[in-house]
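Visitor: With chain U held as given, fit chain E onto it using these hints.
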Amino acid sequence: AQSVAQPEDQVNVAEGNPLTVKCTYSVSGNPYLFWYVQYPNRGLQFLLKYITGDNLVKGSYGFEAEFNKSQTSFHLKKPSALVSDSALYFCAVRSFYNTDKLIFGTGTRLQVFP
Amino acid sequence: GAVVSQHPSRVICKSGTSVKIECRSLDFQATTMFWYRQFPKKSLMLMATSNEGSKATYEQGVEKDKFLINHASLTLSTLTVTSAHPEDSSFYICSARAHGSSYNEQFFGPGTRLTVL
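Chain order of the listed sequences is U and E. Residue numbering for the first sequence follows this note's numbering, beginning at -1 and increasing consecutively. Residue numbering for the second sequence follows this note's numbering, beginning at 309 and increasing consecutively.
Keep in mind that a hint or two might mislead.
As a list, the in silico BS3-like pairs of lysine-lysine whose alpha-carbon atoms are at most 30 Å apart [said to hold, decoys possible]:
hint, chain 1, residue 1, chain 2, residue 2
1, U, Lys67, E, Lys350
2, E, Lys350, U, Lys20
3, E, Lys363, E, Lys350
4, E, Lys374, U, Lys67
5, U, Lys20, U, Lys75
6, E, Lys322, E, Lys372
7, U, Lys56, U, Lys20
8, U, Lys99, E, Lys363
9, U, Lys47, E, Lys322
10, E, Lys363, E, Lys322
11, U, Lys20, U, Lys67
12, U, Lys56, E, Lys350
13, E, Lys350, E, Lys328
14, U, Lys20, U, Lys47
15, E, Lys374, E, Lys363
16, E, Lys328, E, Lys374
17, E, Lys328, E, Lys372
18, U, Lys67, U, Lys99
19, E, Lys322, E, Lys350
20, U, Lys67, U, Lys47
21, E, Lys328, E, Lys363
22, U, Lys99, E, Lys328
23, E, Lys374, U, Lys56
24, U, Lys99, E, Lys374
25, U, Lys75, U, Lys56
26, E, Lys350, E, Lys372
27, U, Lys99, U, Lys56
28, E, Lys350, U, Lys75
29, U, Lys47, U, Lys99
30, U, Lys99, U, Lys20
Residues from chain U that keep clear of chain E, each with C-beta distances beyond 10 Å, as calculated [unchecked claim]:
hint, residue
31, Glu13
32, Lys20
33, Thr22
34, Ser26
35, Asn39
36, Gly41
37, Gln43
38, Ser58
39, Tyr59
40, Thr70
To be clear, the hints were calculated from the coordinates, so they are not data collected in a lab. Every residue gets a Cβ at the ideal spot worked out from N, C-alpha and C, and that includes glycine.
Okay, chain U solo, but in the shape it has when bound (with noise of 0.2 Å):
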């Protein structure tokens, strides 16, 4: 079954320091896998994607993840939080039996302290 897995419901990290948000998808065939930011009562804003090519992948914001194969992980990361990168965040897979869908996580709210 495909699937995406944000194990964390919430992350709480201070501000200025780095912020790790989990994601591990399963998921047939080579995955295109995308990392969208929701604000309160906003859609969802696409931050970045890994296709193919370098495992690190930079998008908006300062944040970036990284695509690891053999863990089957897609982690996203900022080596300094601000506290208004407090949101809840999103991991998607594209389905590969419909290339139109996209599979979701649960989301993981980050909580960036001052």
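Guide: Chain E only, in chain U's frame:
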């Protein structure tokens, strides 16, 4: 670029009435649009995929007669919640995929909060 708008952003209606939500791609042509429903503290649930000029494809468990989707042009899709009931209250989000996109990058609208009294 790649802006998707939704209208209205918030709607409150009485039980039994129908509500239409519009999703527009403002600066690109979207051959495919998607409608999601998001419950509190839950992930997005794909409701249906709509392709311009053809019938929408509904996910399992989504009532097509209750959630009517029309994708009349390359920049507009509408979701009509018919005979709305309080359990239909939710946050509805659309997304659009650009024509010619080689991978499934979707651009999301800001969402519509529906409250059914």
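Visitor: Enumerate the violated hints, using their earlier numbering and listing them in ascending order.
Guide: Hints 4, 9, 23, 35, 36, 37 contradicted; others consistent.
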